[in-house]
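One-letter residues, chain by chain:
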Amino acid sequence: GDSVTQTEGPVTVSESESLIINCTYSATSIAYPNLFWYVRYPGEGLQLLLKVITAGQKGSSRGFEATYNKETTSFHLQKASVQESDSAVYYCALGYNQGKLIFGQGTKLSIKP
Amino acid sequence: GPKVLQIPSHQIIDMGQMVTLNCDPVSNHLYFYWYKQILGQQMEFLVNFYNGKVMEKSKLFKDQFSVERPDGSYFTLKIQPTALEDSAVYFCASSFNQDTQYFGPGTRLLVL
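Here the protein sequences come in this chain order: A and B. Numbered by the numbering used here, the letters in the first sequence go through residues 1 to 113 in order. Numbered by the numbering used here, the letters in the second sequence go through residues 1 to 112 in order.
Please note that a few of the clues may not be correct.
[To be verified] Straight line, CA to CA, 27 Å or less: simulated DSS-like cross-link-like pairs of lysine-lysine:
# : chain 1 : residue 1 : chain 2 : residue 2
1 : A       : K108      : B       : K62
2 : A       : K79       : A       : K108
3 : B       : K62       : B       : K78
4 : B       : K78       : A       : K51
5 : B       : K78       : B       : K53
6 : B       : K59       : B       : K78
7 : B       : K3        : A       : K51
8 : A       : K112      : A       : K79
9 : A       : K58       : A       : K70
It should be emphasised that the hints constitute simulated quantities derived from the structure, not laboratory data. What you are looking at is a predicted structure, and each value in this text was computed from that prediction instead of being measured.
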């Protein structure tokens, strides 16, 4: 079936260093899924970070970027310089036309001051 | 941003009893979802709901599960009867046009 695999956490990065969280997907039942990154900050609910619905396009938000790569079936999340406030759990997700989301297992990110 | 509320935040119940989880979606949203996350595992889709009907459900959505949204009030997930394996965090989400989903904070259900 369809699935999403992302970098296994926890991941610890020093403040102002760069970050990459890998995400690859398998979408056998839909040719062009929508791709999402969601984030859960401590004590808060899941919220959308960014989304891309067209293969080859890049999404960005709050300094984070991710490019929808259909050839490698990847949607890696990157940030050039992390801040302490980026500490959270990040979820990659694949979306269907009916709205159903398939989530990765989540990657817990901690930022060292 | 838009907020989805879930009531209660925690629920402890004896196996075999009925439980109703309540979701207060974003006011103008039309599509509603439930997801289940067992501790240490991925969040998994249960069901989506539109115009008074279930559109799609997963194999996790057992016969003991039902959803409804009577008269535009809460969107509810009812489990009757509950089983031990129903212990999980249940997340509600809503969306306007099947695009961006807004999630609630979850209801942590413990079945004893």
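Numbers of unmet hints, in rising order | 1, 4
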